[in-house]
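**Student:** Now for the letters of each chain:
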Amino acid sequence: MLKLPEGMERVWIMRAKGMREVDIAEALGISRQAVNKALKDARVKLFEAFFAIAETFSWDVVRVNAEKGFAVFSGKVLGKRVRVYAFYLPGKGIKAFFGEDVPDYILQHALEVGIIKKPEKEGLIKALES
Amino acid sequence: MRLKLSAFPVRGAPLFFLAVSLIGGALGVLIQAAKGENFAWVFPYLLVFSAPLGAELNGKELVLLHGFGLIRERIPLDSIEEVSILSRLEHGTVARHFRAYAALWVLLVAFAVVYLLLPGEKNPIGAYFAPLVISMYTVLFLILMLPRKRRIVYLSAFIALAFLVLYPLVFIGPETLLPGVVFGFFILWAVRTFQSEELILLVADGKSYLLAYRDGNEFLNLLRRVANAQAP
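From first to last, the protein sequence lines stand for chains V and U. Note that the numbering used here gives residue 64 to position 64 of the first sequence, counting from 1, and the numbers run on in steps of one. Note that the numbering used here gives residue 167 to position 167 of the second sequence, counting from 1, and the numbers run on in steps of one.
Check the hints yourself; a few may be wrong.
What the hints assert, rightly or not - Result set (DSS-like, lysine-lysine): computed pairs, CA atoms no more than 25 Å apart in a straight line: (1) V/Lys17 with U/Lys207; (2) V/Lys37 with U/Lys207; (3) V/Lys92 with V/Lys37.
As the list claims (entries may be wrong) - Simulated coverage check for chain U against chain V, where a stretch passes if three residues somewhere in it have a Cβ under 8 Å from a Cβ of chain V: (4) 99 to 109; (5) 214 to 226.
Simulated from the structure, these hints should not be mistaken for lab results. No residue lacks a Cβ here, since even glycine has one placed at the ideal position from N, Cα and C.
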């Protein structure tokens, strides 16, 4: 399971929460170029991780957002077409969920990175699907 | 690598040329009719600069081509933040990501409605061009804005076809029948083409791009293969 290197992950999560590159650089005491490079590398790694999951389970990719670290897949399970939602969680890696079976800690994470403004499942699904 | 891909003129220079061409064309006909000067024919030619001409995918970037390849939009692969197949999303709409582009289409339909309501007997702009513009733009607008709502698109295409053929037939005469049918076939072609291609949203460095490609999976695999080659 993919986990971003610690320093890269710290930069990525700060950006996902909406901080500007220049503010991240100032907060971490590194150059803006280093922040930019870390973000680019993080995005490439996240894209590859989400695509690898889709390939492993033969799911179709519907959406991959490396900025906020989530993906939407469409796949077949026991002959039924299902939606799968995956999130990159700092320190934990990628967690995937079927349909609307999204636990509360994912809602909290989605709130923190600005995918949703209120901790509601319907709101999260709509945000992921639009 | 050259890709047979359509990049919509949703931003930058291609959107500028599209807007000048369509708004200029719509207003130009009206000004021309009032002043008698013949200049409105210039505007449709500007459409060429917004027309997509495929894309190039090299080791580091995706280059979208417009207007004979004179206008190039370069997207570094490591700057891509999001890839979505809009036509696979439950609530995917183009309007949410491309407000200026959506507003342009709405404005054009509004222009056409105004033309339709223009006073005067045998007003060819109102009775002939307006149904043409309303029908074609409405169908294209719905195809782009509601890529997953096939029933709505097919129903609107049927209504648009009937309006396009019948309105000029009633208000002008049978001589409008043949061109009406020809433009009707264009509507059918547009619906069929857009329903068989997938609409792809690409966000890179905060800028959104809209692409159409025959197979979303194939496009994603191509991007992935090229991006992997330069992965850290």
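**Student:** Hints first: check each against the structure and report whether it holds.
**Tutor:** Hints, one by one, checked against the model:
Between V/Lys17 and U/Lys207 the alpha-carbon distance is near 19 Å, which keeps this suggested pair within the 25 Å criterion. Simply put, V/Lys37 and U/Lys207 have alpha-carbon atoms about 19 Å apart, close enough for the 25 Å limit, and the pair holds. Distance hint between V/Lys92 and V/Lys37 is fulfilled; the C-alpha atoms sit about 22 Å from each other, no more than 25 Å. Figure legend: the region 99 to 109 of chain U, annotated as covered by chain V; annotation inconsistent (0 residues with Cβ-Cβ distances under 8 Å, at least 3 required).
Counting residues of the region 214 to 226 of chain U whose C-beta sits closer than 8 Å to any C-beta of chain V gives 4, which meets the bar of three, so the coverage hint holds.
Hint violations for this structure: number 4 only, all remaining hints satisfied.
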